[in-house]
Amino acid sequence: MGRARTIARRSFMIGSAAILGGVAFGVYIVRKPHDNPLKAQLDPGEVTFNPYVTISEDGIRLITTHVDFGQGVRSIEAALIAEELDVELDQFQPEFAAPDPAYYNTANGAELVPFAAFDDSFVASSVRSAAGASFKVLGLMATGGSSTIPDQYTKLRQAGAVARETLRLAASRETGTAVEELRTARAKVILPDGQEISYTDLAATASGLDPVTNVTLREPSEWRFLGKPMQRLDILAKSTGELKYGIDQNVAGMVHAAIRVNPRRGGTMNSYDASAAEAMRGVRQIVPVTGGVAVIADNTWRAFKAANAITFDWGQANYPEEMDGHWQILSDSFVEDRLDRVWRDDGDVAGSFDAGDVITAEYRAPYVAHQPLEPLSAIVLVSEDSAEVWAGSQLPRYVQQKVAAIAGLDPDAVTFHQQFVGGSFGHRQEFENITLAAEIAVQILGTPVKLTFTREEDFALDFPRQIGISRSRGAVRDGQVDSWELDIATASVTDSQSGRLGLPIPGPDGQIAAGAWNMPYAIPNLRVRAYRVPGLAPVSSWRSVGASSAAFFSEGFLDELIRVANADPMEERLRLVNNDVHRKVLEAVAEMSNWGGALGENRGRGLALVESFGVPVAEVIDVTMTDRGIRIDNVWVAADVGRVLDPVNFDNQVKGGVIWGLGHAMNSEITYADGMPQQTNYHEHEGMRLYQCPQIEVRGLENNPKIRGVGEPPVPPAAPALASAIFDATGMRLREMPFHKFIDFV
Amino acid sequence: MQIKVNGQVHEVDVEADMPLLWILRDELGLTGVKYGCGIAQCGACTVQMDGMAVRSCQVPAENIGDSEITTIEGFGTPDSLHAVQAAWVEHQVAQCGYCQSGQIMQAASLLAETPDPTDEDIDLVMSGNLCRCGTYPRIRAAIKSAAATLRES
Numbered sequence: 045m046g047r048a049r050t051i052a053r054r055s056f057m058i059g060s061a062a063i064l065g066g067v068a069f070g071v072y073i074v075r076k077p078h079d080n081p082l083k084a085q086l087d088p089g090e091v092t093f094n095p096y097v098t099i100s101e102d103g104i105r106l107i108t109t110h111v112d113f114g115q116g117v118r119s120i121e122a123a124l125i126a127e128e129l130d131v132e133l134d135q136f137q138p139e140f141a142a143p144d145p146a147y148y149n150t151a152n153g154a155e156l157v158p159f160a161a162f163d164d165s166f167v168a169s170s171v172r173s174a175a176g177a178s179f180k181v182l183g184l185m186a187t188g189g190s191s192t193i194p195d196q197y198t199k200l201r202q203a204g205a206v207a208r209e210t211l212r213l214a215a216s217r218e219t220g221t222a223v224e225e226l227r228t229a230r231a232k233v234i235l236p237d238g239q240e241i242s243y244t245d246l247a248a249t250a251s252g253l254d255p256v257t258n259v260t261l262r263e264p265s266e267w268r269f270l271g272k273p274m275q276r277l278d279i280l281a282k283s284t285g286e287l288k289y290g291i292d293q294n295v296a297g298m299v300h301a302a303i304r305v306n307p308r309r310g311g312t313m314n315s316y317d318a319s320a321a322e323a324m325r326g327v328r329q330i331v332p333v334t335g336g337v338a339v340i341a342d343n344t345w346r347a348f349k350a351a352n353a354i355t356f357d358w359g360q361a362n363y364p365e366e367m368d369g370h371w372q373i374l375s376d377s378f379v380e381d382r383l384d385r386v387w388r389d390d391g392d393v394a395g396s397f398d399a400g401d402v403i404t405a406e407y408r409a410p411y412v413a414h415q416p417l418e419p420l421s422a423i424v425l426v427s428e429d430s431a432e433v434w435a436g437s438q439l440p441r442y443v444q445q446k447v448a449a450i451a452g453l454d455p456d457a458v459t460f461h462q463q464f465v466g467g468s469f470g471h472r473q474e475f476e477n478i479t480l481a482a483e484i485a486v487q488i489l490g491t492p493v494k495l496t497f498t499r500e501e502d503f504a505l506d507f508p509r510q511i512g513i514s515r516s517r518g519a520v521r522d523g524q525v526d527s528w529e530l531d532i533a534t535a536s537v538t539d540s541q542s543g544r545l546g547l548p549i550p551g552p553d554g555q556i557a558a559g560a561w562n563m564p565y566a567i568p569n570l571r572v573r574a575y576r577v578p579g580l581a582p583v584s585s586w587r588s589v590g591a592s593s594a595a596f597f598s599e600g601f602l603d604e605l606i607r608v609a610n611a612d613p614m615e616e617r618l619r620l621v622n623n624d625v626h627r628k629v630l631e632a633v634a635e636m637s638n639w640g641g642a643l644g645e646n647r648g649r650g651l652a653l654v655e656s657f658g659v660p661v662a663e664v665i666d667v668t669m670t671d672r673g674i675r676i677d678n679v680w681v682a683a684d685v686g687r688v689l690d691p692v693n694f695d696n697q698v699k700g701g702v703i704w705g706l707g708h709a710m711n712s713e714i715t716y717a718d719g720m721p722q723q724t725n726y727h728e729h730e731g732m733r734l735y736q737c738p739q740i741e742v743r744g745l746e747n748n749p750k751i752r753g754v755g756e757p758p759v760p761p762a763a764p765a766l767a768s769a770i771f772d773a774t775g776m777r778l779r780e781m782p783f784h785k786f787i788d789f790v
Numbered sequence: 467m468q469i470k471v472n473g474q475v476h477e478v479d480v481e482a483d484m485p486l487l488w489i490l491r492d493e494l495g496l497t498g499v500k501y502g503c504g505i506a507q508c509g510a511c512t513v514q515m516d517g518m519a520v521r522s523c524q525v526p527a528e529n530i531g532d533s534e535i536t537t538i539e540g541f542g543t544p545d546s547l548h549a550v551q552a553a554w555v556e557h558q559v560a561q562c563g564y565c566q567s568g569q570i571m572q573a574a575s576l577l578a579e580t581p582d583p584t585d586e587d588i589d590l591v592m593s594g595n596l597c598r599c600g601t602y603p604r605i606r607a608a609i610k611s612a613a614a615t616l617r618e619s
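Chains A and B are the protein sequences, given in the same order.
Per the numbering used here, the first sequence starts with residue 45, numbered consecutively.
Per the numbering used here, the second sequence starts with residue 467, numbered consecutively.
Chain A on its own, in the form it takes in the complex (with noise of 0.2 Å):
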């Protein structure tokens, strides 16, 4: 990966909230540790040791600072705190944290520098820090980039480790036994005669204490939980209906409320008519927000049939209203005014395509729907000085400011509860549901409403994926992949997200080429451009976000140089991968799926290899040419996190990862027509089904020198994969997404 010579076009100040953080803070502020917020709201007799553990005699609590919407965080961080601490994972409540800096993201910045995952110069290091200690500055507090395990894993132990010495010394206080007799199990303390007590009855004691910091990490082989197959902790309550998300919950006298807003994003309502909807059953009110109109009403389908009821005329978006001219923006801006940042320029490009045989190929990757089953919602209760909101979301402390600014409140007056979600893959990144629920709560004060998206609502105002384009000439040489020069130009999710946030983000966005410049090959000549397209439809993170479509380029272009070259898709790979943590992966996929044995008629078998968010994931994907059409028959898959902590959630993550993948490049896109999505609910835009569903089978590799999440990893290498499948079975190449366009599935 050194080798990868990248040259930043405008400033190596990249990156960069997060640069401008680490320089304008200074060190002292940089270096001062935030504050434990449990310490204002402990009971008397209760004790807390940093910001993730509390006892009092009632019990302990674990805090989990992360949203859960499926991926099984709020498991994982207890566990993490629980190994160390010794105690059992039914003996604490969980709890997810209050916004607050003390729960600063630690991982999240150091993703966003523009330096290969496996880059470990002084250089690569040091902007790392730096854009991490912009995190903690600023408090950044987040959910996403697969960022929770290397953002926790330390930090929780330490918590785990801190409150349990300290636990030990109370005892040792208590009892006048020397700490090192003292062990720990259970949530008790064990003295050398066998005698036992409870964390529960040392937290008196311990509250009078400072918190023992100096403490040694326990070695892998030492561990209960980590590293075994784990039981979520809210398995039971997600197999009986028990468990509630955000859109069940009931806070007492409140009110139900349904939007329509303008569905071209950006464009404002001219009028309405709501002269049926206000004299409907059920309905309260109906109020402004921004760019459309609420409907209050007495429960959620009243609201929903009256908001229905309502007419608009609506103002222009500001992106093209067609198709067309969404592809024609992105076709035009392969130009030097919209380079973004040369990612990569190995051996010499332009020299090298005077011999050999020269291919060219344009790919495209359309907007895609999030689309989680569970529709948006909050509740939010807005009084004279204070606010509360209920809701779930992945960025919690802005949602904090974004109400308090509605509200007219200061941030510290706007109580958040965060709330489990019924599926996120980047949609919880945004907040409008939360800021329009805020809009219609200052107008009602002291009432709390519950604003819940209808589906085709939810679909309307959905940021989708980005949409792009990708240019690629190569050629091939005596067999070999010699020369390639990779062009990618996509709609902005750095630029639109920050946008709404209100953050500037100076410098390239390192999303546009992901998973595609970061190629772990050494091909001789290579080269490869992002381009930022402007005036396209406002976007935001999908699952694996840039890597999605830049991938889907790479990968898929590749497989096409090395059929070219009549070379065998894995060996030609094994042969170009240019360090071992790849090439094991490789080798790991090739032994499961028996590479290069006999397929039979009228079958195909396809390959991709591709490293997001720090993770190297290959995909082999067999498939039969049916005459109903394409049938998935088997994945097999091989990741590298570097320590898989939860094998059973590792295997459903990755699953769940290559299902997204595949279902939405068969299957699925956004289009506009008029300004306005096309796609209103989940017949138009399904993903994958369950009779689509192949068998897949999952081996975690641990030869990453760092530890890494794998919620998004396992989704850019499907797409590619299926394509050199379908190829290999057909003949047939697909250069663009969603495949069904050119070719049934069965």
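To be clear, the hints were calculated from the coordinates, so they are not data collected in a lab.
Do not rely on the hints blindly, as some may be mistaken.
[Claimed, not checked] Heads up, simulated DSSO-like pairs for lysine-lysine below, C-alpha to C-alpha not over 27 Å straight-line:
1. B/Lys470 / A/Lys83
2. A/Lys272 / B/Lys610
3. A/Lys272 / A/Lys785
[Stated by the list, open to error] A few chain B residues that don't get close to chain A, going by computed Cβ distances all over 10 Å:
4. Glu477
5. Gly495
6. Val525
7. Gly563
8. Ser575
9. Ile588
10. Gly594
11. Asn595
12. Ser611
Note that beta-carbon positions come from the ideal geometry of N, C-alpha and C, so glycine has one too.
Dock chain B against chain A, hints included.
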């Protein structure tokens, strides 16, 4: 009107066209029944009417009559799981879990009709229940395991 849910009779004052889904969620507080799409495309709102799986978003109040409605709340509890729920726990099917009430109700209905379902049976009956997290491989495995348990009992 009167409505029989999980063995109890409730009196509700609702319009003839109000869907069963919203009667259950908003009037009776049975939030284990989920709203996903409102047009019978996702299956999250699946309940049983007289033992048959139906999409509660498509059943207007006027069509409920004296049917016995069973929701996930009336199906099993953490202390006393139905065999299908026990299989769901054993296989750790749920990720976000939002679709799983509907998946479980649909699977139970499948197994009542077809005690030993083939892969094709499962594909056919379960493909109307959308899972955005991609838990399908575990749903298949859990159905087979629940089928085995139910056949033994």
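Now the hints, each set against the structure:
{"no.": "1", "hint": "B/Lys470 / A/Lys83", "in the structure": "49 Å, violated"}
{"no.": "2", "hint": "A/Lys272 / B/Lys610", "in the structure": "25 Å, holds"}
{"no.": "3", "hint": "A/Lys272 / A/Lys785", "in the structure": "43 Å, violated"}
{"no.": "4", "hint": "Glu477", "in the structure": "16 Å, holds"}
{"no.": "5", "hint": "Gly495", "in the structure": "7 Å, violated"}
{"no.": "6", "hint": "Val525", "in the structure": "13 Å, holds"}
{"no.": "7", "hint": "Gly563", "in the structure": "3 Å, violated"}
{"no.": "8", "hint": "Ser575", "in the structure": "15 Å, holds"}
{"no.": "9", "hint": "Ile588", "in the structure": "7 Å, violated"}
{"no.": "10", "hint": "Gly594", "in the structure": "8 Å, violated"}
{"no.": "11", "hint": "Asn595", "in the structure": "7 Å, violated"}
{"no.": "12", "hint": "Ser611", "in the structure": "13 Å, holds"}
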